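**Student:** All chains, full assembly: derive it from the sequences and hints.
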Amino acid sequence: MDKNFQEEFAQVVKFTPPLYQQRYQFVKDLVEKYKPKKVADLGCADCRLLWMLKFCSCVEVLAGLDICASVMKEKMHMLSPLPVDYLQPSERSLTVTLHHGSVAQKDPCMLGFDLVTCIELIEHLEESELKKFPEVVFGFMAPSIIVISTPNSEFNPLLPGVMLHRHPDHKFEWSQAQFQSWALEVAKCYDYSVEFTGVGHPPTGMENVGFCTQIGLFIRKYPQNGESVQSEKPTEAVYETVFKAVYPSLKDEKYLQIAVVSEVIFTAQTIRHHLMPKQDEEEDDPERKSKFQPSVDSFSDYLGKLVVDKTMEPLVNGNEVYIPLTTIFSFPKVNRLCGTFEKLCKLIAGKVPLSSDGSAVMFTTEQENEEN
Amino acid sequence: MMGRARARARGRPPGQGAPATVGNVPVQQALPRQLRAHQQPQQLDVPPPLTEEPGGRGRMRGFWNVPQARRPEGLQVSLGLQDLSLRDRGGRRKDYHDLGVNTRQAMVHVQDSKTGLSGRLIKLTTNHFRLTSRPQWALYQYHVCYSPEMESRRLRSALLFQHEEQIGKTHAFDGSILFLPKNLGNKVTELISRTRNGEDVKITVTLTNELPPTSPTCLQLYNILFRRLLKMLNLQQIGRNHYNPSDPVSIPHHRLMVWPGFSCSILQYEESIMLCADVSHKILRSETALDLMHSLHSQVGEERFRDSCAKELIGIVVLTRYNNRTYKIDDIDWDNSPMGTFRKSDGSEISYMEYYKKQYNIDISDPKQPVLISQLRRNRGNMQGSVVLIPELCSLTGLTDKMRSDFHMMKDLAVHTRLQPEQRQREVGRLLDYIHKDANVQKELENWGLSFDYKSVAFMGRVVQGEKIFQSGNTFDYNPQFADWTKETKGAPVIRAMPLDNWLLIYTPRNCDAAKMLLQTLYKVTPSMGIRINKPNIIEVEDRTDSYLRVLQQRVSPDTNMVVCILSSSRKDRYDAIKKYLCTDCPVPSQCVLARTLNKPQTIATVVTKIALQMNCKMGGELWSVEIPLKQIMVVGIDCYHDTVFGKQSVAGFVSSLNPTMTRWFSRCIVQNRGQELVDGLKACLQTALRNWLKWNKSLPSRIFVYRDGVGDGQLHTVVNYEVPQFLDSLKTGGTDYSPRLTVIVVKKRVGARFFGEVGGGLKNPPPGTVVDTVVTRPEWYDFFIVSHTVKNGCVAPTHYNVIYDASQLKPDHLQRLTYKLCHMYYNWSGVIRVPAPCQYAHKLAFLVGQSIHREPSLLLSDRLYYL
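Just so you know, the sequences run in chain order R and P.
In terms of the UniProt record's numbering, the numbers along the first sequence are unbroken and rise by one, the last being 372.
In terms of the UniProt record's numbering, the numbers along the second sequence are unbroken and rise by one, the last being 868.
No wet-lab data here; the hints were simulated from the structure.
Check the hints yourself; a few may be wrong.
[Unchecked claim] The calculated lysine to any residue pairs, modelled on SDA-like cross-linking and capped at a C-alpha distance of 20 Å, are:
hint: 1; chain 1: P; residue 1: K231; chain 2: R; residue 2: S70
hint: 2; chain 1: P; residue 1: K169; chain 2: R; residue 2: V242
hint: 3; chain 1: P; residue 1: K231; chain 2: R; residue 2: A245
hint: 4; chain 1: R; residue 1: K244; chain 2: P; residue 2: D247
hint: 5; chain 1: P; residue 1: K311; chain 2: P; residue 2: R574
hint: 6; chain 1: P; residue 1: K357; chain 2: R; residue 2: K73
hint: 7; chain 1: P; residue 1: K344; chain 2: R; residue 2: K343
hint: 8; chain 1: R; residue 1: K244; chain 2: P; residue 2: V258
hint: 9; chain 1: R; residue 1: K333; chain 2: R; residue 2: K343
hint: 10; chain 1: R; residue 1: K37; chain 2: P; residue 2: Y360
hint: 11; chain 1: R; residue 1: K73; chain 2: P; residue 2: D291
hint: 12; chain 1: R; residue 1: K244; chain 2: P; residue 2: K443
hint: 13; chain 1: R; residue 1: K254; chain 2: P; residue 2: V258
hint: 14; chain 1: R; residue 1: K73; chain 2: P; residue 2: L180
hint: 15; chain 1: P; residue 1: K443; chain 2: R; residue 2: E240
hint: 16; chain 1: P; residue 1: K358; chain 2: R; residue 2: P17
hint: 17; chain 1: R; residue 1: K33; chain 2: P; residue 2: K358
hint: 18; chain 1: R; residue 1: K37; chain 2: P; residue 2: V415
hint: 19; chain 1: R; residue 1: K333; chain 2: P; residue 2: D291
hint: 20; chain 1: P; residue 1: K402; chain 2: P; residue 2: R571
hint: 21; chain 1: R; residue 1: K244; chain 2: P; residue 2: K580
hint: 22; chain 1: R; residue 1: K73; chain 2: P; residue 2: M409
hint: 23; chain 1: P; residue 1: K358; chain 2: R; residue 2: F55
hint: 24; chain 1: R; residue 1: K73; chain 2: P; residue 2: D438
hint: 25; chain 1: R; residue 1: K73; chain 2: P; residue 2: Q442
hint: 26; chain 1: R; residue 1: K351; chain 2: P; residue 2: A439
hint: 27; chain 1: R; residue 1: K251; chain 2: R; residue 2: R92
hint: 28; chain 1: P; residue 1: K123; chain 2: P; residue 2: V108
hint: 29; chain 1: R; residue 1: K132; chain 2: R; residue 2: E236
[To be verified] Per label pair, the in silico range of CB-to-CB distance:
hint: 30; chain 1: P; residue 1: E349; chain 2: R; residue 2: C68; range: 38 to 44 Å
hint: 31; chain 1: P; residue 1: S118; chain 2: R; residue 2: A349; range: 55 to 61 Å
hint: 32; chain 1: P; residue 1: E349; chain 2: R; residue 2: P223; range: 44 to 50 Å
[Said to hold, decoys possible] Covered by chain R, per the in silico footprint, the following chain P stretches (three or more residues, Cβ under 8 Å):
hint: 33; region: 226-239
hint: 34; region: 360-371
Predicted model, so just to flag it, every value in this text is computed and none were measured.
No residue lacks a Cβ here, since even glycine has one placed at the ideal position from N, Cα and C.
**Tutor:** This is the structure in structure tokens:
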């Protein structure tokens with residue numbers, strides 16, 4: 001349901017930053033700490049938490065699940081890759097998927113996650129669903145970490161306007177004791193440890209009321225038994241996929257190749273221009289040459305990384321210029337992209353004009369003269 | 001050659017229209033400050049009320065292209081509709097299809113028909129696709145009110161859609177107006193929703209309107225829906241168009257990426273509502289602003305570093321790494337850095353580095369880089385200000401003028417962006433294919449009861465007869481397929497040859513050979529053209545701007561016919577200095593020639609012939625003419641130049657004919673600072689134009705045709721309501737009994753429509769002279785398309801002519817013919833061009849003044865084409 005929304009009313013007891021942000025920050029900090037690769041948000045609603053998590057560089061798979069498809073659809077495009085993600089594909093891969101379905105049902109797409117978050121979710125569940133919830137999340141999904149947050153009903157008297165529950169869709173709101181006993185029981189049953197914490201500190205003097213939002217952090221005690229776990233649980237897919245975005249990544253050969261080819265050609269050109277300043281450039285501007293200082297630092301040490309020494313001298317043969325691949329490979333950016341020299345050769349094969357023995361990038365000067 | 005080369009080097013060829021830097025400017029919604037908006041995510045939910053304001057250059061403002069990633073589509077719909085409702089209440093806002101301007105109704109003679117007759121018929125297809133709706137389709141408009149009153153739009157929406165089973169999944173709601181493709185059954189539907197406070201809210205949904213598929217409201221909705229569909233197809237919206245980023249073309253030699261995409265709009269055309277879909281290419285650069293700074297640093301060195309950064313970066317549009325916005329760079333703040341701080345809305349200070357780390361988990365690797373400044377374009381209430389951007393996080397888009405002038409780069413690009421007719425239509429067909437094959441898209445369309453035709457519309461156009469070229473007693477026919485008579489008229493005497501009696505030839509010692517070559521060839525080629533040529537005053541100068549200037553000051557006198565400067569490089573500052581001096585301080589026609597254009601012996605004769613003709617025009621000569629059957633007419637061309645880089649001034653060129661054969665022109669320009677209205681200047685220009693016409697013809701013209709170019713999308717309203725009355729007003733100065741017939745035609749080169757001739761089962765560019773005035777024109781306008789020129793590669797773009805005022809009583813056919821004739825009269829190109837010659841002259845003039853001179857040139861030159 002609409003979690004952020006309800007806080008607007010609760011804001012009379014001021015939380016800065018707003019409580020929902022604190023809850024998200026809590027999850028984000030957790031992600032920073034445990035570096036999970038696969039994260040699922042159950043009851044992801046408007047996908048705000050998922051959006052925050054997509055910036056965490058450790059995350060490679062993000063999944064959202066909600067019972068209401070329209071609330072997800074409303075903002076799901078926030079999770080799409082940006083133009084720049086295509087322009088400069090990142091090292092990591094990232095796939096974001098949104099599913100429409102219930103936490104009371106098992107679907108194999110939720111297997112294998114490292115972290116599952118249920119932020120302000122359980123209080124929206126009907127009794128029957130709440131009953132199935134532990135089996136689905138703890139028994140079936142069985143991620144290494146589970147975060148469950150829920151309102152602390154003891155805090156409610158401090159929130160003006162809250163009669164029974166903070167939101168009409170809440171089926172219940174638990175006191176600290178109620179939540180903790182439920183959590184402990186579930187943890188015990190599925191072999192998890194649980195720690196309690198929360199966000200939204202009570203006003204001074206009323207500390208015994210507890211956090212406004214109570215949080216249970218569950219950590220699986222047994223190690224993951226790998227693939228076998230999944231094969232033991234043959235389940236049919238019941239969720240409907242409403243959104244899927246695969247972020248361009250350098251792990252994808254296609255994007256890696258584009259990046260490498262582009263970098264190789266650019267590097268080769270840079271070397272060439274550095275070592276053999278073009279005649280007509282001088283002609284264009286006689287004043288320019290005297291001021292040409294290849295590695296002066298101006299605003300930053302970062303500048304002038306390009307150190308070109310004489311050993312890198314390209315070979316000139318008639319109107320052809322050869323720039324050895326080994327030279328190009330020694331440039332940090334190319335090096336980082338390819339990793340190995342063999343990989344470099346493989347990636348640029350057929351995409352970059354090479355010398356006959358394949359050891360150097362070749363330019364023909366004729367081609368350049370056309371510019372004029 | 002020279003003229004062409006220069007157009008490429010310092011301007012854009014006429015066909016290219018506005019620079020990409022303008023076209024790319026995004027809709028900057030008036031969020032307070034970018035940073036503030038980011039740190040309060042809840043602001044995302046409550047976008048500022050969108051009352052699109054008029055102002056600025058209109059073409060980039062469409063309400064439906066609000067950057068997407070931060071706008072849920074549901075809201076987008078409502079924003080659009082809210083806007084719409086504003087307009088319906090009489091508010092004026094800018095829409096780039098100029099929807100609200102209905103000019104045809106005032107012109108009686110084209111009420112029944114605005115089509116011409118002459119020419120042979122040709123079967124054409126186009127890139128328009130019919131949008132069809134179910135029979136008896138209607139859009140139901142409801143007013144929704146709440147009791148008790150609910151303020152938040154989000155809340156209103158949430159409460160209403162608690163009843164989704166009743167309302168249906170297909171809807172568009174802006175908080176008070178609800179559009180549904182189905183009738184709820186009752187005039188008034190009452191619903192009860194419960195807020196989370198347990199409060200019951202009564203929602204009254206009242207049917208207010210049942211809209212037919214052709215109503216303007218529906219058109220808005222179609223466009224909004226279509227954008228939804230494109231997004232469902234995973235296309236990325238940048239600016240107004242949508243691109244497919246998963247299939248990029250990389251051009252590593254220039255660090256460029258080209259994304260294929262589409263520009264689409266749905267409009268009411270003559271007989272039906274159609275989708276106009278064209279191929280568009282987005283040029284992106286696979287480097288960040290910081291990368292560019294680094295490479296500039298290594299290229300130009302320390303001293304000129306800041307200067308060249310400013311030159312290369314200011315005016316460029318960047319994409320940021322963390323959101324889906326584009327920003328135009330207005331300044332570089334060298335004293336700031338990512339370590340600098342700003343104040344968040346809660347009052348705390350945070351550095352940019354920390355902020356990006358915290359908000360987006362982005363590590364800025366270079367803490368010492370300067371920062372970029374982008375002004376928010378829209379000043380509204382307290383929402384003005386600027387945005388600080390970190391170069392490292394900004395990706396560059398579009399091309400700089402420097403890149404455009406790189407012939408090699410443009411050639412490499414053209415390989416990917418210039419599509420032959422067949423290819424182009426195939427690409428567009430692919431979009432329709434996506435639409436038809438994607439299940440989700442089809443479902444959405446079905447829910448709304450809409451569908452698109454598979455096949456683009458086909459119809460008959462006309463190809464009007466080619467013109468005869470008259471040149472000093474000779475008549476030339478040219479091959480209408482090529483629309484060029486360079487060969488035919490080669491070596492023929494021109495109508496009016498101006499002698500080169502007293503002229504200067506200035507060059508540097510290094511270019512001595514080039515100068516000799518030029519001179520020898522001039523002696524060779526000019527006699528047959530009838531141009532008398534004396535030995536010039538030959539002056540050698542040092543290769544420095546001030547030496548050129550000193551020579552000009554010492555040696556140019558008022559009786560100098562012409563100054564020819566041979567330049568060793570295309571350095572803009574030198575060219576500017578020479579032109580500025582010779583256009584304002586000492587008005588004498590001048591010709592600058594790049595030494596290297598004289599290097600190639602095999603082309604020298606052609607090059608020098610062109611130079612000779614160009615110089616002849618600059619001195620007031622006349623080259624050729626076509627038959628103009630109308631007598632006593634004055635033709636005016638107007639075009640604008642906007643300084644995109646510094647945004648400081650705009651220049652309007654104004655060119656009017658002086659003689660019946662349209663071979664002589666009177667030229668003036670208006671230099672205006674930002675915010676000034678063009679209108680006053682135009683009025684004065686028209687008055688002097690009339691005075692000059694009177695001087696030349698001993699009477700005043702009885703008909704005046706104004707070809708107005710440079711009208712941006714969405715600015716038509718202004719031209720119709722402000723400029724035309726002013727033109728009419730200034731005609732009154734001709735005396736009480738003087739009432740000429742005025743015609744005003746808005747000329748537009750940037751249009752989405754493309755036409756293809758069906759030849760032998762394949763698609764070809766339509767031949768020059770193709771006129772289209774049915775099916776794809778707009779019913780509320782007196783408009784037509786003419787394809788007047790040819791292109792070697794790719795698809796020819798038709799020019800759109802919109803007659804917004806016409807008292808000439810000419811038949812449409814005659815007006816079309818006159819327009820086409822005028823496309824033959826541009827003396828810098830011995831062929832047919834895309835726009836009437838006066839528009840192209842006006843463009844050239846405005847460009848020269850805007851780029852190089854920055855103030856109005858001396859009026860002593862105004863009867864000559866000195867700016868060619």
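**Student:** Would you mind marking each hint as holding or not holding in the structure?
**Tutor:** Here is how each hint holds up against the structure:
no. : hint                          : verdict
1   : K231(P) / S70(R)              : 16 Å, holds
2   : K169(P) / V242(R)             : 15 Å, holds
3   : K231(P) / A245(R)             : 12 Å, holds
4   : K244(R) / D247(P)             : 18 Å, holds
5   : K311(P) / R574(P)             : 17 Å, holds
6   : K357(P) / K73(R)              : 28 Å, violated
7   : K344(P) / K343(R)             : 46 Å, violated
8   : K244(R) / V258(P)             : 24 Å, violated
9   : K333(R) / K343(R)             : 14 Å, holds
10  : K37(R) / Y360(P)              : 17 Å, holds
11  : K73(R) / D291(P)              : 37 Å, violated
12  : K244(R) / K443(P)             : 18 Å, holds
13  : K254(R) / V258(P)             : 16 Å, holds
14  : K73(R) / L180(P)              : 19 Å, holds
15  : K443(P) / E240(R)             : 16 Å, holds
16  : K358(P) / P17(R)              : 14 Å, holds
17  : K33(R) / K358(P)              : 14 Å, holds
18  : K37(R) / V415(P)              : 42 Å, violated
19  : K333(R) / D291(P)             : 12 Å, holds
20  : K402(P) / R571(P)             : 11 Å, holds
21  : K244(R) / K580(P)             : 59 Å, violated
22  : K73(R) / M409(P)              : 42 Å, violated
23  : K358(P) / F55(R)              : 10 Å, holds
24  : K73(R) / D438(P)              : 17 Å, holds
25  : K73(R) / Q442(P)              : 17 Å, holds
26  : K351(R) / A439(P)             : 37 Å, violated
27  : K251(R) / R92(R)              : 7 Å, holds
28  : K123(P) / V108(P)             : 30 Å, violated
29  : K132(R) / E236(R)             : 17 Å, holds
30  : E349(P) / C68(R): 38 to 44 Å  : 40 Å, holds
31  : S118(P) / A349(R): 55 to 61 Å : 59 Å, holds
32  : E349(P) / P223(R): 44 to 50 Å : 46 Å, holds
33  : 226-239                       : holds (count 4)
34  : 360-371                       : holds (count 9)
When held up to the earlier numbered hints, the structure conflicts with 6, 7, 8, 11, 18, 21, 22, 26 and 28 and fits the remainder.
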